[in-house]
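Undergrad: Chains as they are written, first to last, in our numbering: chain A, 1 to 137; chain B, 1001 to 1768.
Not one of these hints is a red herring.
In the EDC-like style, the derived pairs of lysine to aspartate or glutamate whose C-alpha atoms are separated by at most 20 Å in a straight line are:
#1 B:Lys1600 to A:Glu69
#2 B:Lys1600 to B:Asp1384
#3 B:Lys1600 to A:Glu78
#4 B:Lys1178 to B:Glu1342
#5 B:Lys1600 to B:Glu1383
#6 B:Lys1600 to B:Asp1116
Chain A stretches covered by chain B per the calculated footprint, using a threshold of three residues with CB under 8 Å from any CB of chain B:
#7 50-63
#8 67-76
#9 85-95
#10 118-125
To be clear, the hints were calculated from the coordinates, so they are not data collected in a lab. A virtual CB, placed ideally from N, CA and C, is assigned to each residue, including glycine.
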Amino acid sequence: MSLPWARSGALCASLAVATLWLAACGGMPAAVPASSVQGGNEGSSVAPTEPTATETLLAQGQDAQAAGEYGAARALFERALRIEPNNASVWLALGELELDSGHPGQARAMAQKALSLAGSDGAVESSARALLSAAQD
Amino acid sequence: MANRSRRPSHKHSRLVARRRIRIWGAYSAAVLAVAAIAYAGFLAWSVGNAFEGRRWDLPAQVYAAPLELYAGRVLSQQALVTELARLGYREDPRLPRPGTYRVRFERMEISTRGFDYADEHEPARLIALEFERGRIRALRDATGAALPIVRLDPLLIGSLFPSHGEDRLIVGPDETPKLLTDALIAVEDRRFEQHHGVDLRAVARALWVDVSSGEIRQGASTLTQQLVRSYFLSNERSWWRKLREAFMAIALEMRYDKADLLQAYVNEVYLGQDGGRAVHGFGLASQYYFGKPLTELDLPELALLVAEVRGPTYYDPYRHPERARGRRDLVLDEMADAGLVEPDQAKAAEAQPLGVGTTPHGAMQSAFLDLVRRQLRHDYAAEDLERDGLKVFSTLDPELQSVAEQALADGVSNPNEAGADLEGAVIVTSPQTGEVRAVVGGRRAHYDGFNRALDARRQVGSLIKPAVYLAALESGRYSLASVVEDAPIDVRLENGDTWSPHNFDDEAHGPVPLVRALAESLNMATVRVGLDVGLEPIADVLGQLGLERRPQPYPSMLLGALTLTPLEVAQIYNTLANGGFRVPLRAVRSVVGADGMLLKRYPLELEQAADPAAVYALDQALIQVMERGTGRRVRAALPAELTAAGKTGTSDDLRDSWFAGFTSEHLVVAWLGADDNRPIGLTGATGAGKVWAAAINAMDSSSYAPPEPTSLATISIDYAHGAPVSARCPNAVELPVPESTHPPRAIGCGGASGIGAKIRGWFEDGQR
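Go ahead and model the full structure; you've got the sequences and the hints to work with.
TA: What follows is the structure, given as structure tokens:
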């Protein structure tokens, strides 16, 4: 399938991921799970309207993914991961990409990883579970 | 001629003989001519071959991971200046060109070089950074607009040069300053543009000198002849060789134009020696002596490289600085004579120091490059790596590499029984991505010898214990609060012998909670737990964690009587540091062809290798190793607020000292020992532990604090004997245990309410 959003399970999880980081762009950094735990990118003095490095890379990666450029998307997500290795949203984005590019096993592992970082964050948990079930079949 | 001496006695026979001689003579002349032509053809062919071949004989270049700059990043201004210096950026308040920067109080501006990465082009541009308390506060472009993220150009760390030792970094005409080629012509071969490979006037002059002095001395070689000589690596001084060289030079000049020959010369000439690595060409020489690209060299630097053409050993700027300086100044004078620079420019350049620093920018990180080579060996033949001009983007962090090297250098200077022979190894990884950030293979970090980080198989001792306890936790029959007996035990072995393990302090500690058994590395308790869980499940756990060789399931395995390399230990602990998710360790991110096209990406591969809740609990016990157990002294060297997890390992008779531990961002494995396996008199904590702490302290690392899985509940018990107690009690330790075990509630510090308690030991301990 060429369109990444054509799969219903993937769609559900994609939306969840997108919502998560869009919410962060909108000035609710608390909605970006786990980023505050690890201090990679928590620039408190950065104006909230400016997207962080991780958000920028995630957005660019998702654009690339939508254009079918999976290799480029992977490189961008991995860059984001190096900046915030404990950010569940990045793991979810990578999991989405794995699912779209035909690696459901990897997608499941990434979803599990996101789940392990979710803590009490319900939004992350439900996105991860959606990805997990989309990658089951 | 030999036939003149023949004296035939008869007229007829003389005629026949003459004819025969004539025929024979003509025949051999023809053969000689054919042979000469064939030989000439062969020479022309082989020199052409060498010329064409060398164009493509490019060792793969290996780059470090680039530095990513973004607002919010933990990076001090001083650290950035260090990174820029490593990249050969120069402070210049005018910012005249890429590769320069300026500092004004808390603000820095950098004219970046730009770089073609496999995924996208990073443009050269002007960026401005503001710093605040050790972080980048803001990152902007020249117009003042915020930039989300900027990648600097990556540090070239070395190349996978072939076994014959010739290393080079090919530069194209656009990367070769005209001043350099002009200077080469002015100094080495003034009539380069006019001659046809051989400069007859120079030869005549040289002949005169040679004849009058009776030996071959004066060099009259054109650049083309020098090029030929370099191809065939001969230092023999004979007329025959000179003739052959001259002929080949003419053959080359007939086939190729001057610009091609000059460029080949720029990339071919021998300019330095770095251990077993011969530095060829100006591109690599510029990196080797100055740590920056050829295009950024100033006049005195360029002149020094031209000076080295005459003999990099004799004019070695490190060993013979005064000679090198004399030759450089001579080059500068000749450049002024030829009108390439103004005389006062030359004079000003002669006043400059050599500028090569105290040590060359050699093929550093050779231990890391070893790992790169091994990873690539799965996908590439050695010839491809040595000839195809590949660009390899590695995971190395130059800062962490230098931190690890320093930590080991300080660590091996500890007083110890092995004395000066103490060796060691350090590996640093990023647990979540499995990227190897630094490898130190021995105390002489830049020496290409035995790579202990990859090849030293040493007894791991207690480093193995987390696998025993993880198997116990995964079995569902144990939690961290389970009380186990630390009492003497006799194990009947297959061969009929009896094995009676002892504790390090030779004492038995009685009933102890699992967390204490691991934290204090109690041998007798560990053997009891291990035998109860079973040796096969423990070997399975080691495999899941990433050990590729299955250990023999002998009871002695439980106390670490097996040998692993530091790299294997790093793989196992990386899985523990990544919450039970296994990622194969990687040293390479991607490989790009000579044409800039992406050839191969090595993506992150993740696999859930163990129950995340069990690994979470195990990691909490590894934190207790640091807080209360054998890692206490190591932990004391860290900042009070930094939570880290780790484990000591000490082999029999103190032959091996290990420490493996992690924070949120870094896993560091350190080993100390002697190559001949002599005792070194250091435990895991007093030897490798110090190296580990020194390394962690020099990194920007944050606490290991993953969120607790929802299937676990936190209880508090008495650390010494495991009785449930209130969290406020003096010796209480808080632990995660499975919710399903209905953990007991504690009242006060003396005992337990007992309701729902599943473990008998708690009651017994409460009555003590």
